[in-house]
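Student: Residues per chain are reported as follows:
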Amino acid sequence: MKNHFILLLIFSALTSLVLAYIAKSGRRERAKYFLYLFCAFVGLSLVAAWIALPFPF
Amino acid sequence: MDTEPLSDILPEPREVNEQAGFAITLAACVSGAFIPGLGHAVLRKWDRAIVFFASIAIMMAIGIRLEGRLFSPDFDNLFSALKFLADAGLGLLYWIPWLRGMGAGNPTAYTNDYANVFIYVAGLLNMLVVVDVFDIAMGRKK
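For the protein sequence lines, the chains are B and H, in the order given. Start counting the first sequence at -3; every next residue gets the next number (this note's numbering). Start counting the second sequence at 70; every next residue gets the next number (this note's numbering).
Read the hints as simulated data drawn from the structure, not as lab findings. Keep in mind that a hint or two might mislead.
Said to hold, decoys possible - With a straight-line cut-off of 20 Å between C-alpha atoms, the simulated PhoX-like cross-links for lysine-lysine are: (1) B:Lys20 / H:Lys211; (2) B:Lys20 / H:Lys210; (3) H:Lys211 / B:Lys28.
As the structure is a computational prediction, the values presented were derived from the model and not from experiment.
Turn these sequences into a full structure, and let the hints guide you.
Tutor: Given below as structure tokens:
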């Protein structure tokens, strides 16, 4: 399990799940919030990685 | 003289969530701080208890497996202290592996940074979970 992208997906899924259960009640609300957080985690991480790509460290 | 019925004048009664007693609130918060999800189990919120325990324990296990470090109590340096506090938020999931000598960490490992983040975030999420237990026990949330 050394693929960083797979680890990012696992991290995003577990963190989003906990936050969705804390912040929302009701299955539908939680599912929507989980998807929103998951996509935000993954999408923003990829954007940050793309922006950091030219930096030499 | 016509009079309006009282029910038309008074505002609709707001729904009030049940508030747990002091002892149950304290027991739920303390048990939640020691074992993720146990506080919700004390309040009979079984779905949340299972989700919180499973998610946080999996994150912790992945962190250890990927050669992350469990930071020891060290208050000489601000960042070391913050790292320890984040890790220690896991309660017994931190202290038992730490006392058994696990989580020495390997800074040269390919996954060391990711592993440390998994452990920090698991501890910080458990702190949020304890706040959630408190809110439920106080009747602020269902």
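Student: Does Lys211 of chain H pair with Lys28 of chain B here, judged by a C-alpha cut-off of 20 Å?
Tutor: holds, 19 Å
Student: Is it true that the CA of Lys20 of chain B sits at most 20 Å from the CA of Lys211 of chain H?
Tutor: Judged against 20 Å, a Cα distance of about 10 Å means the pair holds.
Student: With a cut-off of 20 Å on the C-alpha distance, tell me whether Lys20 of chain B and Lys210 of chain H pass.
Tutor: holds, 10 Å
In this structure, none of the earlier numbered hints is contradicted; all agree with it.
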